[in-house]
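As given, the protein sequences belong to chains X and L, one line each in that order. Mapping the first sequence onto this note's numbering, position 408 (from 1) lands on 408, and the numbers just tick up by one. Mapping the second sequence onto this note's numbering, position 40 (from 1) lands on 40, and the numbers just tick up by one.
Take these hints with a grain of salt, some might be off.
[Said to hold, decoys possible] Derived DSS-like pairs (lysine-lysine); straight-line CA-CA distance at most 30 Å:
#1 L:K140 to X:K162
#2 X:K165 to L:K60
#3 X:K163 to X:K286
#4 X:K177 to X:K9
#5 X:K46 to L:K168
#6 X:K162 to L:K34
#7 X:K163 to L:K60
#8 X:K162 to X:K9
#9 X:K162 to X:K286
#10 X:K51 to X:K100
#11 X:K245 to X:K276
#12 X:K258 to L:K197
#13 L:K60 to X:K162
#14 L:K176 to X:K364
#15 X:K286 to X:K177
#16 X:K165 to L:K34
#17 X:K316 to L:K197
#18 X:K245 to L:K202
#19 X:K163 to L:K168
#20 X:K177 to X:K373
#21 L:K168 to X:K51
#22 L:K140 to X:K163
[To be verified] A short list of chain X residues far from chain L (calculated; beta carbon distances all over 12 Å):
#23 R50
#24 G70
#25 K100
#26 F143
#27 D319
#28 E337
#29 E391
#30 A458
Note that these hints are calculated values from the structure, not bench results. Quick reminder that beta carbons are idealized off the backbone N, C-alpha and C, glycines included.
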Amino acid sequence: MGAQTLYDKLWNAHVVRQEADGTALIYIDRHLVHEVTSPQAFEGLKLAGRKLWRSASILAVADHNVPTTGRAQGIADPVSRLQVETLDSNCAEYGVTEFKMNDVRQGIVHVIGPEQGATLPGMTVVCGDSHTSTHGAFAALAFGIGTSEVEHVMATQCLLMKKSKAMQVVVDGALGKGVTAKDIALAVVGRIGTAGGTGYAIEFAGSTIRALSMEGRMTLCNMAIEAGARAGMIAADDTTFAYIKGRPFAPQGEMWNKAVACWRTLHSDDGAQFDKVVRLDAAEIKPQVTWGTSPEMVVAVDGRVPDPATMTDPVKRHDTERALHYMGLAANAPITEISIDKVFIGSCTNARIEDLRAAAAVAKGKHVAPNVKLAMVVPGSGLVKAQAEKEGLDRIFIAAGFEWRDPGCSMCLAMNDDRLEPGERCASTSNRNFEGRQGPGGRTHLVSPEMAAAAAIAGHFVDVSVD
Amino acid sequence: MRKFTLLDGLVAPLDRANVDTDAIIPKQFLKSIKRSGFGPNAFDEWRYLDHGEPGMDNSKRPLNPDFVLNQPRYRGAQILLARENFGCGSSREHAPWALEDYGFRVIIAPSFADIFFNNCFKNGMLPIRLAAEQVDALFKAVEPTPGYRLKIDLERQSITAPDGTEYKFEVEAFRKHCLLNGLDDIGLTLQHVGEIKAFEAKHRAAQPWLFA
Numbered sequence: 001m002g003a004q005t006l007y008d009k010l011w012n013a014h015v016v017r018q019e020a021d022g023t024a025l026i027y028i029d030r031h032l033v034h035e036v037t038s039p040q041a042f043e044g045l046k047l048a049g050r051k052l053w054r055s056a057s058i059l060a061v062a063d064h065n066v067p068t069t070g071r072a073q074g075i076a077d078p079v080s081r082l083q084v085e086t087l088d089s090n091c092a093e094y095g096v097t098e099f100k101m102n103d104v105r106q107g108i109v110h111v112i113g114p115e116q117g118a119t120l121p122g123m124t125v126v127c128g129d130s131h132t133s134t135h136g137a138f139a140a141l142a143f144g145i146g147t148s149e150v151e152h153v154m155a156t157q158c159l160l161m162k163k164s165k166a167m168q169v170v171v172d173g174a175l176g177k178g179v180t181a182k183d184i185a186l187a188v189v190g191r192i193g194t195a196g197g198t199g200y201a202i203e204f205a206g207s208t209i210r211a212l213s214m215e216g217r218m219t220l221c222n223m224a225i226e227a228g229a230r231a232g233m234i235a236a237d238d239t240t241f242a243y244i245k246g247r248p249f250a251p252q253g254e255m256w257n258k259a260v261a262c263w264r265t266l267h268s269d270d271g272a273q274f275d276k277v278v279r280l281d282a283a284e285i286k287p288q289v290t291w292g293t294s295p296e297m298v299v300a301v302d303g304r305v306p307d308p309a310t311m312t313d314p315v316k317r318h319d320t321e322r323a324l325h326y327m328g329l330a331a332n333a334p335i336t337e338i339s340i341d342k343v344f345i346g347s348c349t350n351a352r353i354e355d356l357r358a359a360a361a362v363a364k365g366k367h368v369a370p371n372v373k374l375a376m377v378v379p380g381s382g383l384v385k386a387q388a389e390k391e392g393l394d395r396i397f398i399a400a401g402f403e404w405r406d407p408g409c410s411m412c413l414a415m416n417d418d419r420l421e422p423g424e425r426c427a428s429t430s431n432r433n434f435e436g437r438q439g440p441g442g443r444t445h446l447v448s449p450e451m452a453a454a455a456a457i458a459g460h461f462v463d464v465s466v467d
Numbered sequence: 001m002r003k004f005t006l007l008d009g010l011v012a013p014l015d016r017a018n019v020d021t022d023a024i025i026p027k028q029f030l031k032s033i034k035r036s037g038f039g040p041n042a043f044d045e046w047r048y049l050d051h052g053e054p055g056m057d058n059s060k061r062p063l064n065p066d067f068v069l070n071q072p073r074y075r076g077a078q079i080l081l082a083r084e085n086f087g088c089g090s091s092r093e094h095a096p097w098a099l100e101d102y103g104f105r106v107i108i109a110p111s112f113a114d115i116f117f118n119n120c121f122k123n124g125m126l127p128i129r130l131a132a133e134q135v136d137a138l139f140k141a142v143e144p145t146p147g148y149r150l151k152i153d154l155e156r157q158s159i160t161a162p163d164g165t166e167y168k169f170e171v172e173a174f175r176k177h178c179l180l181n182g183l184d185d186i187g188l189t190l191q192h193v194g195e196i197k198a199f200e201a202k203h204r205a206a207q208p209w210l211f212a
């Protein structure tokens, strides 16, 4: 066999059978489940009288609907409460491991999988959630699926799919001060567009990626879907193994050594062919801020809001005009002159311990600006929260005027009570700036944790790459 | 699953690129534990002037007269004409459920987001990719022609316009077979239980840590 990409290796290792047109039956190792996209799947299983194929492959958690304050009182919204209770009863009935709302291990599904060692290199990982691409940071083939497919995996441990094309995104060089994995992700989306990765699985490679921590790699793979790619992935290396070692679901003893020997093969071979290669120079990436209603509508913080009058493509011009109208922004306005109403530090993109440390370092000894009505920090899991408290990060945030909340998806998509009011402008470390995403009429600017914290302190965007 | 063979349907145009699944069905409606009843909330934030929440009587809510699907001429449309990257963002299958419940069986666009595209086929819906110029021509044809319909023939993989113009489209053989026959994916896969079990045993022997 010739030189293979990481994607080839992961794919080939999971093909159960293949149809004449190339549609393959792919075996799924890990199935992560949350309350929003699973009730109809469990119901389908029940109605058809089917069994779960392998309950031990599933790890379940409620994250989208859970409140981030006053959790001891339960969930106030009866519709949200029913959805979480439905997950609880389905997991109990089918013998599925679930971290319930008041378990310290509860958190955002894409934070807790890796945190528990439930995401391992070489795995196929699926979840009824588009940000499942996150887990590709561990040299896993991980992608989001719809509810029909959730049911399909529950019943058969497999999925029917065709192989995607392979794209390599190579980033080389050292990142500048204040530039993070989030900025790489936004720069990639800005470069190739939100449909640039459609039909592809993206492998991130290059010296910049090698130098990233696992938290950074997760942030980057998380946003592969914002570039249109269902799966993002990064080769396994010592950074990967050091992160996994000792976690509850990780192999131990002699099994660990065997696993690592296997995992060391999980990289693209020299000379492997990609259908498309995109290169970025790390030194040219500045802190990024989105200005519009799609993640590809992004510029460097020292830039300006674009001017639709200069655009020749009529569809693009129309979309830009519409986005500026929704966002309440004037063409050519400097990004650093945009003032904000709220700040959200959290989500499956940026709510891990390293993200909180970075934000706390910016906030330390300072205070949230008077024009900022609410600045909230929502840790990605109960364990992230506990670690942050051990390090005193909670006290730094609280002293600076931030609210310190309980873990969940929170204002990334505003399914619980955390949301923007119409017209409010938010500096957010989440992943989507779609119209209404953080609340009807809300205006989202996607940024890194450092940038969000700095904006909270200044009351407007500031360039964290300059002193 | 409902079969899809032929459709002669009214066309409604949604002239906007990158329509995301948050726009197709906003998050507050995802709290439902059912898979039906999402149609009245399809495009909720664009379609109504007030803010929608689950449990509201949608027939009493003020409609946004500027939203294209609210125009009486598009009532009963079964074919949605859209632009690039339709269905991007969240994997929520509630998006195709909402469109299907609204009445759409076919969506024609130059490109679709992968997960949305896939989810459509699981619900007896046919997403069709045509070249951007062809989609553009259809937009230009629909606008001045009230009652504009298209005939979709999945077996022949063709779209026929009122003036006789025929557009051919691609569809993967396996997906086509499932749609034409209304086949349930899970039932099909379970015909291969023996192969799955054999694979699983081999996989477990090679990488036992995956099964911990």
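Compare the distance between the alpha carbons of K51 (chain X) and K100 (chain X) with 30 Å, and conclude whether the hinted pair is satisfied. Given pair K51 (chain X), K100 (chain X) holds - Cα atoms ~23 Å apart, limit 30 Å.
Are the Cα positions of K245 (chain X) and K202 (chain L) separated by 30 Å at most? holds, 25 Å
Verify this label for me: K100 (chain X) is non-interface relative to chain L, using a Cβ-Cβ cutoff of 12 Å. holds, 18 Å
Please confirm whether G70 (chain X) is truly not at the interface, meaning its C-beta sits more than 12 Å away from all C-beta atoms of chain L. At roughly 19 Å from the nearest Cβ of chain L, G70 (chain X) sits farther out than 12 Å, so the non-interface label holds.
Holds or violated: K176 (chain L) with K364 (chain X), Cα cutoff 30 Å? This hinted pair is violated, its Cα atoms lying about 59 Å apart.
Hey, K258 (chain X) versus K197 (chain L), does the alpha-carbon distance stay inside 30 Å? holds, 24 Å
Hinted pair K162 (chain X) and K34 (chain L), Cα distance within 30 Å: holds, 29 Å
Does the alpha-carbon distance linking K163 (chain X) and K168 (chain L) stay inside the 30 Å limit? holds, 24 Å
Would you check the hint for K177 (chain X) and K9 (chain X), treating anything up to 30 Å between C-alpha atoms as holding? violated, 36 Å
Using Cβ atoms and 12 Å as the threshold, tell me whether D319 (chain X) really stays out of contact range of chain L. Check fails; 6 Å does not lie beyond 12 Å.
Take the C-alpha atoms of K162 (chain X) and K9 (chain X), compute the straight-line distance between them, and say whether it is at most 30 Å. holds, 15 Å
Distance rule for A458 (chain X), whose beta carbon must clear each one in chain L by more than 12 Å: Fine: 29 Å to the nearest Cβ keeps A458 (chain X) off the interface.
Taken one by one, the earlier hints fail for this structure at numbers 1, 2, 3, 4, 5, 7, 9, 11, 13, 14, 16, 17, 21, 22, 23, 26 and 27, listed in ascending order.
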